[in-house]
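Asker: Counting in our numbering, the sequence shown runs from 1 upward without gaps.
It cannot be assumed that every hint is accurate.
[Stated by the list, open to error] Cross-link-like lysine to aspartate or glutamate pairs, in silico, EDC-like; alpha carbons within 16 Å at most: (1) LYS42 / ASP81; (2) LYS84 / GLU56; (3) LYS84 / ASP41; (4) LYS19 / ASP57; (5) LYS19 / GLU56; (6) LYS34 / GLU56; (7) LYS34 / GLU66; (8) LYS42 / ASP117.
Calculated from the structure, these hints are not laboratory results.
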Amino acid sequence: MYVIKVVDYSNMEAPSSLKSLCRYVETTLVPQDKTLHFTIDKEVFGLERDTFVLPEDITQFAGMEEIGATVVAVYMRYLHDLLKQANMCSMVGFIDPATVSANSGTIADRSRLVAVDFRRLMPSLDLADCESKEGNVYFLDSLPKSCGR
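Go ahead and model the full structure; you've got the sequences and the hints to work with.
Answerer: Structure, rendered in structure tokens:
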């Protein structure tokens, strides 16, 4: 069983919403052994999926510690919601961090997934070269500069 260290969030320099979330973790999630459930719609990553944020995920985030792909994916879902409200979804695309993280498949598998997602997200984008050793991806954008880029 994972033990969550209790932290005093009252003196933490953070937005009040983050402090409230931390208090919710301490007073509700941990005592009741619960998690936060999120559905990530198909339009975010191309495939609908459910995900769960654990109390320790929130504690790590609030404590400025390393966070996992789940927290990043939930934040991307939030950003997608903001972009949707501003009618700007066509300008940005997201790739599910769980499918391209260092813990999933080989470098070649992850590179293929990135290329496929780029094609899905931006069909006009021409992917040119991937350097797996250096982790660089070079691309050529075939759209003219007059498109507001």
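Asker: Hint by hint, note whether the structure agrees.
Answerer: Quick rundown of the hints versus the structure:
At roughly 12 Å between alpha-carbon atoms, LYS42 and ASP81 fall within 16 Å of each other, so this suggested pair holds. Our distance criterion of 16 Å between C-alpha atoms is broken by LYS84 and GLU56, whose separation comes to about 29 Å. With a CA separation close to 12 Å, the supplied pair LYS84 and ASP41 stays within the 16 Å bound. Distance hint between LYS19 and ASP57 is fulfilled; the C-alpha atoms sit about 14 Å from each other, no more than 16 Å.
Simply put, LYS19 and GLU56 have alpha-carbon atoms about 15 Å apart, close enough for the 16 Å limit, and the pair holds. For a cut-off of 16 Å, the pair hint linking LYS34 to GLU56 stands: about 11 Å separates their Cα positions. Our distance criterion of 16 Å between C-alpha atoms is broken by LYS34 and GLU66, whose separation comes to about 22 Å. Of the pairs offered as hints, the one joining LYS42 and ASP117 holds, with about 13 Å between alpha carbons and a cut-off of 16 Å not exceeded.
Hint compliance for this structure: hints 2 and 7 are broken, all remaining hints hold.
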